[in-house]
Amino acid sequence: MTTVALLGLNSLSFAMLLFVLGAGLTITFGLMRILNMTHGSFFLLGAYFGLAAWKLTHNFWVALLAGALATAVAGMVLYRVFLRRFSQLEEMAQVLLTFGALLVIADGALITWGGNVETQPPASFLRGSVHLGALTYPKYRFFLIGAGLAIAVTLWLFVARTRLGAMVRAGVDDPEMAKGLGINMPLLFLAVFALGSLLAGLAGALGAPYLGIYPGLDFEALVLAFIVVIVGGVGSIEGAFVGALLVASVDTATKTYFPNLAWFSLYAPMAIILAFRPQGLLGRK
Amino acid sequence: MMRGRWSLLGILAALALALVAPGLLEPYFVGILTRVLIFAIFAMGLNLIMGYTGLPSLGQAAYLATGAYTVGILVKKVGIGFLPASVAGVGMAGLLAAAFGLIALRARGASFLMITLALTQAVWAIAFTWRSLTGGDDGFPSVGRPDLGFLPWSLTDTRVFYYFVLVFLVLAVAVFYTIVRSPYGLALQGTRDNELRMRSLGYNTWMLQYVAFIIAALFAGLAGVLYAFHVGAIAPGWAGVTPSAEALLMVIIGGPGTVVGPLVGAGMIISVSEVANIFTQRWMMVLGATYIVVILFAPDGIVGRLKRLMPRRQTA
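First to last, the sequence lines map onto chains S and L.
FYI, the numbering for the first sequence is 1 to 285, going by my numbering.
FYI, the numbering for the second sequence is 1 to 316, going by my numbering.
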């Protein structure tokens, strides 16, 4: 019983992190058709920015906020300076350009923060564990679950209920028509790219006390985000949520029961989903 | 016809240059040239699916590493000869592509790119974690080079090995040229330009693309086998994203959908990374900047070609 509960909690907390990361990618990719290879780099930057802010203020919330916002600014710079000049048809150009940016950011982070694993403690009231009967579980993981759910609800409300969200949906469905209705598409794109980067940075800052921060984390995060988006369906926030849950549970369960197959567990759900539903669980054709 | 004669002259001139180059250069540079030849084979495979078929893969490193590890493991751990081991290396790369292709070809465009990258990560994870077989991140040591048997040369000599690789490159170019000029190659290009029309003409476009995907992996597997001989040790990074992205950049700089493009691209990218390696510790930064500069300032011809690569979003 305890094992199952542990398994569930581990899956959930990992899933929430995956969701915040994947939601950012699915939004930018779904609306703008930009396959942003720096999405994982933004995850890493969010973690490092958060750590820097934590070292200055020793305040966990400031670290979260700083990680998210500074990364959003980095995303806006990348978009304004480089990506905006490519039309949506030039996907390959965007992939290679952002891959170049991935390498530059990775090396820049290595110069700035060094190659060691950095850790950042969570807020003091989130340290230690909770005891529930026979079960002992880290408080921070509970916090991750709560934070992920809160972000999911906020994002859903934003897309479904706000004017800006309606513009985003219009842009995804029919960019030409949206433009014709007077929606300022360049500005909308900039805002959406900033939102996508913000989510990646927030995921990084949230993940730092749980995963640690180290070179190579950027690429790991990128592949995870890809898998979540492929499984869930491109452009769908609900899809990212379901995809994150599925990927995290399969991965956690495999690592618990069949540790020898751990290398396979991230990719198996992707392969199976693609075989039966190439557009992803909640993606549209 | 004039054009044909000029390109024949160009090929002969390039071949003559490739033949005399080792005599004029220090062994160190001959080693770099050998790497250019190997990566030209690797990029050529990618060019077949990217330039001629419209499938931009970011996962070719999976087949490079499969070829390399297979030959290394078969020679050192199983103890069979270099020739059957090399054939098996190329074959394993093709088999892996036959499996991965079933998954990756469910998607097109950017999704295809994401899936090929994710699948490659699975290969990387095997190379990294299966320490008893691959040596993990310590690398797979001392693959060695084949013995040419009755021939009086030894492949341990840098120059001899260069010519050995050159033979394979010339063969690869010949095979590639034959493929893209064949009815099959033309059908591939037709599929790239208008899949729907090819399908209504009765072509099984999925099968055309699937076969191309496997052929591309055979090229990558051959490059992997040769690269294992060249370097002598194999590392999990060979299945990483860097070789895949380098091949992509080589094809794009050289001009996708051209026979000699990947050769030119391989020469350019490897020169840049070698020069960066000599002058700075920050080769990753230099390489990253190279990607950005190439994409930003590449002539319109190259970017214009890029547009044709991605399948247009279907309007129906």
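Quick caveat, the hints were computed from the structure, so don't treat them as lab data.
Keep in mind that the hints are not guaranteed to be accurate.
Where chain L lies over chain S, by a calculated footprint (3+ residues, C-beta under 8 Å) [said to hold, decoys possible]: (1) 97-103; (2) 169-177; (3) 227-240.
Which chain L residues stay away from chain S? Per the calculated CB distances, all over 10 Å, these [unchecked claim]: (4) L117; (5) I126; (6) L166; (7) T290.
Every residue, glycine too, gets a C-beta built ideally from N, C-alpha and C.
Now for the hints, and whether the structure bears them out:
no.: 1; hint: 97-103; in the structure: holds (count 6)
no.: 2; hint: 169-177; in the structure: violated (count 0)
no.: 3; hint: 227-240; in the structure: holds (count 4)
no.: 4; hint: L117; in the structure: violated, 6 Å
no.: 5; hint: I126; in the structure: violated, 6 Å
no.: 6; hint: L166; in the structure: holds, 29 Å
no.: 7; hint: T290; in the structure: violated, 7 Å
The structure is inconsistent with the numbered hints 2, 4, 5 and 7, although it conforms to all the rest.
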